[in-house]
Amino acid sequence: MACPKPDASPVQPDVDPVAAPDPEPAGPFENPGGMWMPAQLADASHVENLKSLGFELDPAVLTAPTEFPLGAIVSLGGCSASFVSPDGLIITNHHCVTRALARNSKKGENLLVDGFLAKTRAEERWAGPAQRVYVTSSFTDVTDEVLSGLEDIADPKARFEEMQARENELAKACEAGKVDVSCRVSSFFEGAQFFLIEQLELRDIRLVHAPHAGVGVFGGEIDNWRWPRHTGDYSFYRA
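So the sequence shown is numbered by the working numbering: it starts at 1344 and just counts up by one.
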C-alpha cells in the first residue's frame, strides 16, 4: 500500500512577534574581519575602521614592519614574540619556551611542571644553542624580480625551478658580507606578490620566566586555537 504524498505546501505556523523579537543590533566594537599586510592598512576603509574601534594613534604607524610599533615584533623561528623593554625582554607564548624549560630541567627541578623565575640577570638560564630571535630589518617587494618573464617558460617544472633559483639568488645577495643576518623570499596572496625579508639573527637567548604548568597549560590546550581561553599562556626570554 503506497504511502500518501506529503502536502507540497504545508501550512506555516503563525509567528508571535513578541516571542520572536528582532535581532539585537551589532555592538560598537564588531570586528570587521580580515587579515591584512601592514601596507594595506593605509587604505581609507581600514583607517576608518581602526578609528571607529577606538584606535587613537595615526594608523600610518601600522604600515611599516620595521618601525615603531611593529618593529618590536620578532620571530623565534616557529613562534611570534615581541620586545617589551629596552633591555631585551621578550614576551611569547608558554609553549614556545618548552625546549628551553626541558634543557634547563634536572633531577629535583622539573621546570616543565614547576615553571621558572629568574629574580636577577645572573639567574637567567641559557635557552640553548638552537634558540634564535629574528629581528626584521628590511622588507622589500621583489615581485618583479621573481616573476618577470616566467610566462615565457612553458614547462611548469622548469618555471618553478627558475623561480626557486631567483629567490635563492636574492637571498644570497642579501646576506653577502653581513654577519648574523638571515634573508629569505616569502610569497603572499598565493604567489601573486613576493617580499625579500632581511632579519638580524640573535643567538644569545636567555630564559627569564615561565609560569607553572597549571597556569601555562591550564585547560589542556597549549596553543591558541580555542576561544574564550583562561590560560596564562605567556613566558619571557631575554635577547
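Misleading hints may appear alongside valid ones.
Below, computed lysine-lysine pairings styled on DSS-like, alpha-carbon distance capped at 30 Å [stated by the list, open to error]: (1) LYS1462 x LYS1450; (2) LYS1449 x LYS1462; (3) LYS1515 x LYS1500.
Hint data in this document are derived by calculation from the structure and do not stem from the laboratory. Quantities reported herein were computed from a predicted structural model and do not represent experimental measurements.
Problem set entry | Contradicted hints - numbers only | none
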